[in-house]
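Protein chains in written order, with the working numbering: chain A, 10 to 188; chain B, 10 to 188; chain C, 10 to 188; chain D, 10 to 188.
By construction, these hints were calculated from the structure, which means they are not laboratory data. Keep in mind that the hints are not guaranteed to be accurate.
One copy or two, either will do: identical chains are not told apart, so a pair holds if it fits within one copy or between any two.
To be verified - Quick list of in silico lysine-lysine cross-link-like pairs, DSSO-like style, CA-CA up to 30 angstroms: (1) Lys-83 / Lys-161; (2) Lys-119 / Lys-43; (3) Lys-70 / Lys-118; (4) Lys-43 / Lys-70; (5) Lys-43 / Lys-31; (6) Lys-42 / Lys-161; (7) Lys-83 / Lys-44; (8) Lys-43 / Lys-118; (9) Lys-42 / Lys-70; (10) Lys-70 / Lys-44.
As the structure is a prediction and not an experimental result, all values here were calculated from the model.
There are 4 protein chains.
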Amino acid sequence: MVQNQPITIIIGTNRSTSLSEKVGIYYGEQLAKKKYPIHYLNLNHLPHDFAFSALYDQQNKNTLFNQQTDCITKGIRFIFIIPEYNGSFPGVLKTFLDGLPFPQSFQNKKAALVGISKGSQGATLALSHFTDILHYVGMHVLPQKVRLPNLKKNDITTITHHETYPGLIDTQIEHFLSF
Amino acid sequence: MVQNQPITIIIGTNRSTSLSEKVGIYYGEQLAKKKYPIHYLNLNHLPHDFAFSALYDQQNKNTLFNQQTDCITKGIRFIFIIPEYNGSFPGVLKTFLDGLPFPQSFQNKKAALVGISKGSQGATLALSHFTDILHYVGMHVLPQKVRLPNLKKNDITTITHHETYPGLIDTQIEHFLSF
Amino acid sequence: MVQNQPITIIIGTNRSTSLSEKVGIYYGEQLAKKKYPIHYLNLNHLPHDFAFSALYDQQNKNTLFNQQTDCITKGIRFIFIIPEYNGSFPGVLKTFLDGLPFPQSFQNKKAALVGISKGSQGATLALSHFTDILHYVGMHVLPQKVRLPNLKKNDITTITHHETYPGLIDTQIEHFLSF
Amino acid sequence: MVQNQPITIIIGTNRSTSLSEKVGIYYGEQLAKKKYPIHYLNLNHLPHDFAFSALYDQQNKNTLFNQQTDCITKGIRFIFIIPEYNGSFPGVLKTFLDGLPFPQSFQNKKAALVGISKGSQGATLALSHFTDILHYVGMHVLPQKVRLPNLKKNDITTITHHETYPGLIDTQIEHFLSF
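Please put together the full structure from these sequences, using the hints given.
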């Protein structure tokens, strides 16, 4: 049996009980079927003051932040679930990245991006902006990005029962596993 | 005497004693010479847990956050000082924006953008990303953006003594005042 | 009676009988109702070799190109109809811009952007990229951009009979006329 | 002896005797030292009316265009030399891409990006925009992008004699060869 490399799914918002979390779990379930070990990092679990207590002079000194982000240091493959906030990614997702050691956190590692939105844009600009950032920190970004627009708040069935979304997700996962 | 409209200068990072703050003060001094009333909003003064205590269900309920951001609701013209972090704007700047009521906070108001960096990029991508966001929230963005690359940490003289930077800043301010 | 300023509508592709042209005409009809003089510039009317005969050392020397683009020099307000090609704007639209004298062609003038696509993106990235370019050449870009995704090839009724698109267009035009 | 895969270097402008061409040749020389077969595609060699004679209904019907672009169909690895024109890539580079069959031209192939400029930006936005496009067509983009700002027109020595540029280029090539 081939030992599959674990995959970390990052829930890109600190909103509690978010649709992003449900989307992340859906991705995890698909990967579990393929026998991949999954790890979740939900930004909701970060220390509430981490923007002040884990950045700049405090980088690497916040024990709780370090515990939560230990999976970044150790991981190789990441799936980012990114909801659209104000036409881009959540600020807290970038703040989290601003708190991570550079360049070892993401350099030469691999990312797949998933954008979700209630509106019609499907986080298109969020994924473009975040690609710029991940390229800056030296990360490989899967070209096949999934955009899921027109979702209903907190309702995962608008994805799982959608005519095309499960197929898009499955295709992306296949690309990611051979990336 | 014409009553000049006040201008709010937003220091786009929560880093303490940042070069961004010094750049903001430099802009304020230039505007003061032209008799414009100035207001400063330094993200360093936001409640340390505002990403959790002032967003989503807590939006508009954090008294300290509301006090600090009252100048947004009341202001019309804004200058954003944006340091380059990880190839884009600081996450905390977007988180701050994610906590503001939409669309009344910035819609139909006016922004000038200033990018600073130690590296050679001058926050070019940061300004592009942030323009996308400000356009999304309905704000007018001055096309003349100032990029100040190759700065030394905390040393404002690498700007004030620079051959071309003070002229660039002055030209931008002139454009902004007639914007 | 107030004399309304003429508005130039730029059909951002050289494809013949394009949906972009029909969208441009639709915008022109709405503006005509409001008594605005309209001028059209269809990139399909440019000399077929203009990428070689009107750029670089040949800039400003191609009489046919100059005749077609005379409306740029003289105009103040522009509406760009931008179809999505390969995830961004048509190359020919940028080539056209590369042939225009800088900075006098667009500096301090005003633009509204309209993105159209058969796919679900609605030219979102095209409009973001083109905004970067227009800002670079010193042009004011209306924050209210119209994105029209999921259109049928050459069928203007997928816009005119759409539940929300005519209202979006009307709102944008109102913003543009007071811009 | 291992047979190295050939690499196609695309000169991303149709300007004659461009600095981009010299930069492309410089890359080719470095790769030749490492025993990689090189192919050049200079957009200056495309038919002058290709924007009209090789796109849309004419796609794949222009024999001269097809001859020049045959290396795209057959190639796997590409280096794009991208000069900054009006704050982004040359329009002709995108027009060229708009003439290529989709998705087989670039899907699942690999690209390295090199941005050059006389100004201080180093084609930063050009590379970001072009990454969006290449990701849209399904291409893998090397995160390590080389930006070469502040060049003198047609003077390759401002690169080859530069303190840091040859090292940057060498590092990028090393990353690309193991990409």
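Hints, verified against the model:
1. Lys-83 / Lys-161: neither (34 angstroms within a copy, 33 angstroms between copies)
2. Lys-119 / Lys-43: Both: 18 angstroms inside a copy, 27 angstroms across copies.
3. Lys-70 / Lys-118: within (24 angstroms within a copy, 40 angstroms between copies)
4. Lys-43 / Lys-70: For Lys-43 and Lys-70, neither the intra-copy (37 angstroms) nor the inter-copy (44 angstroms) Cα distance is at most 30 angstroms.
5. Lys-43 / Lys-31: Within one copy, since 19 angstroms is at most 30 angstroms while 49 angstroms is not.
6. Lys-42 / Lys-161: Only inside one copy: Lys-42 and Lys-161 sit 26 angstroms apart there, 38 angstroms across copies, limit 30 angstroms.
7. Lys-83 / Lys-44: within (19 angstroms within a copy, 36 angstroms between copies)
8. Lys-43 / Lys-118: both (21 angstroms within a copy, 26 angstroms between copies)
9. Lys-42 / Lys-70: neither (38 angstroms within a copy, 43 angstroms between copies)
10. Lys-70 / Lys-44: neither (35 angstroms within a copy, 45 angstroms between copies)
Hint compliance for this structure: hints 1, 4, 9, 10 are not met, and every other hint is.
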